[in-house]
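Visitor: Sequence:
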Amino acid sequence: MVEHTTVSLVLGSGGARGLAHIGVIQWLTQNGYAIRSIAGSSIGALIGGIYATGKLEAYAKWVAALERMDVVRLLDPSFGSAGLFKGERIMDVLRELIGECSIENLPVSFTAVATDLESGKEVWLRDGRLFDAIRASIATPLVFTPFRYGGRQLLDGGLVNPMPIAPTFNDTTDLTIAVSLSGPAEAKPPATAPVRRTGGNAYHERIRAFVESLYLTRTPDAPSIGFLEVVLASMETMQNTIARFKLAAYSPDVTVEIPRNACAYHEFWRAEELIALGRERARRALAKRVV
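One point on numbering: in this note's numbering, the residue at position 40 of the sequence shown is 40, and numbering is uninterrupted.
What the hints contain is simulated information worked out from the structure, not anything from laboratory work. Positions of the beta carbon are idealized from the N, C-alpha and C atoms, including for glycine. A hint or two may mislead.
Claimed, not checked - Straight line, CA to CA, 27 Å or less: simulated DSSO-like cross-link-like pairs of lysine-lysine:
| id | residue 1 | residue 2 |
| --- | --- | --- |
| 1 | K61 | K86 |
| 2 | K86 | K55 |
| 3 | K121 | K86 |
What the hints assert, rightly or not - Derived CB-CB ranges, DEER-like:
| id | residue 1 | residue 2 | range |
| --- | --- | --- | --- |
| 4 | T241 | L106 | 20 to 26 Å |
| 5 | P77 | Q30 | 37 to 43 Å |
| 6 | E118 | K61 | 37 to 43 Å |
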């Protein structure tokens with residue numbers, strides 16, 4: 001019987017770059033590492049939670065097929081509320097794809113990290129409905145509305161802990177591996193995938209135009225930036241700084257770093273290249289370890 005190296009896996013926050021988490025998990029499971037515990041913040045909670053259900057490959061196949069307009073169709077505007085989008089449509093799609101389950105019934109120990117809106121404190125979600133915990137952890141301020149969970153209004157876990165290593169402290173695994181989406185920017189990050197457009201009805205086209213107006217709209221003659229780009233860039237700067245402090249303070253056994261300029265926060269249609277990037281960076285980070 002082959003013995004596996006057991007792993008506590010920490011999955012950081014960082015928007016669409018978090019699709020690289022899929023590639024990291026694929027590489028680990030294919031190379032003799034057994035994931036026994038997962039702590040995730042924001043997109044890290046989403047990917048980690050889906051892996052814990054045993055349905056990660058189904059999700060990877062689904063997300064790899066997404067085109068730009070498909071991403072737009074998953075957005076459900078929340079006019080006049082505390083965020084641009086309600087986030088209910090994407091969660092309904094994920095529940096249909098993966099199935100609802102309780103965190104305490106997962107075969108892998110799982111912690112989703114969120115932020116209490118009122119107190120500003122870090123919240124560890126370790127029981128209850130999985131997709132409720134995920135929805136709370138991905139509630140990016142101004143993008144998604146806060147989510148009420150356990151009597152509290154919760155926001156994105158990346159606000160206070162984009163690299164949640166502490167929830168793994170009591171684990172008895174062989175290694176703690178952290179995947180940071182705040183790695184150093186690279187001169188030649190992965191090439192931008194070509195924009196693929198599909199037809200849509202007038203409503204979806206209006207939503208697409210609205211979303212694009214909020215994000216980056218630079219041209220050589222008009223170097224202005226969108227509202228959401230400013231918000232998300234500010235939040236990412238804060239998260240990158242916090243993540244560096246967390247990694248320095250807690251020192252996981254292995255850190256897999258994804259360049260912070262690998263893609264923009266919202267480019268979820270670039271799944272294939274980001275998954276491949278995650279596999280490559282996991283291989284590089286663990287190349288010197290003997291399993």
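Visitor: Does each hint hold? Answer for all of them.
Guide: Outcome of the hint check:
1. For the hint pairing K61 with K86, the CA-to-CA distance comes to about 25 Å; that is within 27 Å, so the pair holds.
2. The straight-line distance between the Cα atoms of K86 and K55 is roughly 24 Å, inside the 27 Å bound, and the hint therefore holds.
3. For the hint pairing K121 with K86, the CA-to-CA distance comes to about 23 Å; that is within 27 Å, so the pair holds.
4. Checked against the hint of 20 to 26 Å, the C-beta distance between T241 and L106 comes to roughly 32 Å, which is inconsistent with it.
5. At roughly 40 Å, the beta-carbon separation of P77 and Q30 lies within the given 37 to 43 Å, and the hint holds.
6. With their beta carbons about 39 Å apart, E118 and K61 fall inside the hinted range of 37 to 43 Å.
Comparing the model with each earlier hint shows a violation of hint 4 alone; every other hint is respected.
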